[in-house]
Structures are given as C-alpha cells and as structure tokens.
Amino acid sequence: MKRFSLRVLLLFAAVSLFALPQVVRAQDVVRIPLSDVSDTAKFYKLDVDGTTVKYFLIKAPDGTVRSALDACDVCYPEKKGYKQAGEFMICVNCGQKFHVSRVGLVKGGCNPHPLPNSVQGSDVVINKSDLALGVKYFK
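All the letters of the sequence shown, read from the start, carry residue numbers -26 to -1, 1 to 113 under mature numbering (1 follows the signal peptide of the UniProt record, and there is no 0).
Note that these hints are calculated values from the structure, not bench results.
Ideal Cβ placement from N, Cα and C applies to all residues, glycine included.
The reader is advised that the hints may include incorrect statements.
[Said to hold, decoys possible] In the SDA-like style, the derived pairs of lysine to any residue whose C-alpha atoms are separated by at most 20 Å in a straight line are:
no.: 1; residue 1: Lys53; residue 2: Val3
no.: 2; residue 1: Lys102; residue 2: Val3
no.: 3; residue 1: Lys33; residue 2: Phe112
no.: 4; residue 1: Lys53; residue 2: Ser96
no.: 5; residue 1: Lys110; residue 2: Gly83
no.: 6; residue 1: Lys54; residue 2: Gly37
no.: 7; residue 1: Lys19; residue 2: Phe112
no.: 8; residue 1: Lys57; residue 2: Ser96
no.: 9; residue 1: Lys110; residue 2: Pro51
no.: 10; residue 1: Lys57; residue 2: Leu79
no.: 11; residue 1: Lys19; residue 2: Lys33
no.: 12; residue 1: Lys54; residue 2: Asp36
no.: 13; residue 1: Lys110; residue 2: Lys33
no.: 14; residue 1: Lys33; residue 2: Pro90
[Said to hold, decoys possible] So the derived label-pair ranges between C-beta atoms look like this:
no.: 15; residue 1: Asp23; residue 2: Lys71; range: 17 to 27 Å
no.: 16; residue 1: Val80; residue 2: Lys110; range: 12 to 22 Å
no.: 17; residue 1: Phe17; residue 2: Val93; range: 14 to 24 Å
no.: 18; residue 1: Gln1; residue 2: Gly83; range: 30 to 40 Å
no.: 19; residue 1: Gln94; residue 2: Gly69; range: 35 to 45 Å
no.: 20; residue 1: Gly60; residue 2: Gly83; range: 31 to 41 Å
no.: 21; residue 1: Cys68; residue 2: Gly95; range: 34 to 44 Å
no.: 22; residue 1: Gly69; residue 2: Asp2; range: 18 to 28 Å
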C-alpha cells in the first residue's frame, strides 16, 4: 500500500510540474486568461478534426497581445516551429529571427503565420475557425 501511495504522490507531483496553461474551449472560441500572457511566449495546442494545431501568444513591447501559428508559410513541412530568444521568435528550421512586435501582423515568408485574436474582458479570445484554417500547416 505504501508503494502505491508513493507512486500516486509522485505521479501527482510530476503532472503538477508540467501542467499546461489554462485554456477554456467554448463551442466556437478558445479563451485564454489575459493574465497568462506575458513577454514570454506561451505555446498551446488544439485538436481540429484529428490534427493538432499549435499556436502561441506573446505580449509585445507595446503591451498588445500577439498570436500566431507555431508554423510559417515556408518551413512548415519540417514541423519545427519557433523558439523565443529575448524579444525575438526564431524559426527552429532556418534560424530566421522575427521581433515580437511583428508577430501576428506580418505574414508570408518565414514569419510566424498570423492568428487573429481579440481581448474580451479578462480573456484573449481566438476563433476556432481561425485555428481550423491553420490545419494545413500541421498535417
């Protein structure tokens, strides 16, 4: 019994350490608490008809919330996405850097593919239909 209790405790501790940010999925939108958005990119996933669509949110230096798919128009077939280095998002495949102030505004090339969002009260809201348009980048 002690072994079982210890395993349960360890499992609970491990799950708590790696908990994903809270995301509320209403029927047509995804709501993410505005308090979860900072100048550090947070990555999210949503299953759209069996395809996992990956995206991220970040707060730009001007305080606006920026969102984009974790893919671009050029390197998406490699499925490597982006990583953050300071105020830049870097394509993991080709190494190009993009200042966070460009995220969600500039599209094409290796820029993170823009994902529209709106701030409604204390939430960032993303339409699931916009995420569904990104399925082609993750198949």
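ask   = If you draw a straight line from the CA of Lys110 to the CA of Pro51, is it 20 Å or shorter?
value = Distance ~10 Å between Lys110 and Pro51 Cα, so the pair holds.
message = For a C-alpha distance cap of 20 Å, please report whether Lys53 and Ser96 respect it.
response = violated (32 Å)
ask   = Is it true that Gln1 and Gly83 lie within 30 to 40 Å of each other by Cβ?
value = holds (34 Å)
query = Are the Cα positions of Lys19 and Lys33 separated by 20 Å at most?
reply = holds (18 Å)
ask   = So the hint says 34 to 44 Å: do the beta-carbon atoms of Cys68 and Gly95 match that?
value = Because 38 Å falls inside the window, the suggested range holds.
ask   = Do the Cβ positions of Asp23 and Lys71 conform to the proposed distance bound of 17 to 27 Å?
value = Between Asp23 and Lys71, where Cβ atoms are some 33 Å apart, the hint is violated.
message = Is 18 to 28 Å respected by the C-beta to C-beta distance linking Gly69 and Asp2?
response = This hint is violated: roughly 37 Å between Cβ atoms.
inquiry  = Hint check: Lys110 vs Lys33, CA-CA at most 20 Å. Holds or violated?
reply    = Distance of about 26 Å is beyond 20 Å: violated.
ask   = In this structure, is the beta-carbon distance linking Gln94 and Gly69 contained in 35 to 45 Å?
value = holds (36 Å)
key: Distance restraint between Lys53 and Val3, which requires alpha-carbon spacing of 20 Å or less   = violated (25 Å)
request  = Hint says 31 to 41 Å; check whether the CB-CB distance for Gly60 and Gly83 agrees.
outcome  = violated (21 Å)
task = Check the following: the C-beta atoms of Val80 and Lys110 are separated by a distance inside 12 to 22 Å.
result = holds (19 Å)
Checked against the numbered hints given earlier, this structure breaks hints 1, 3, 4, 6, 8, 12, 13, 15, 20, 22; the rest are met.
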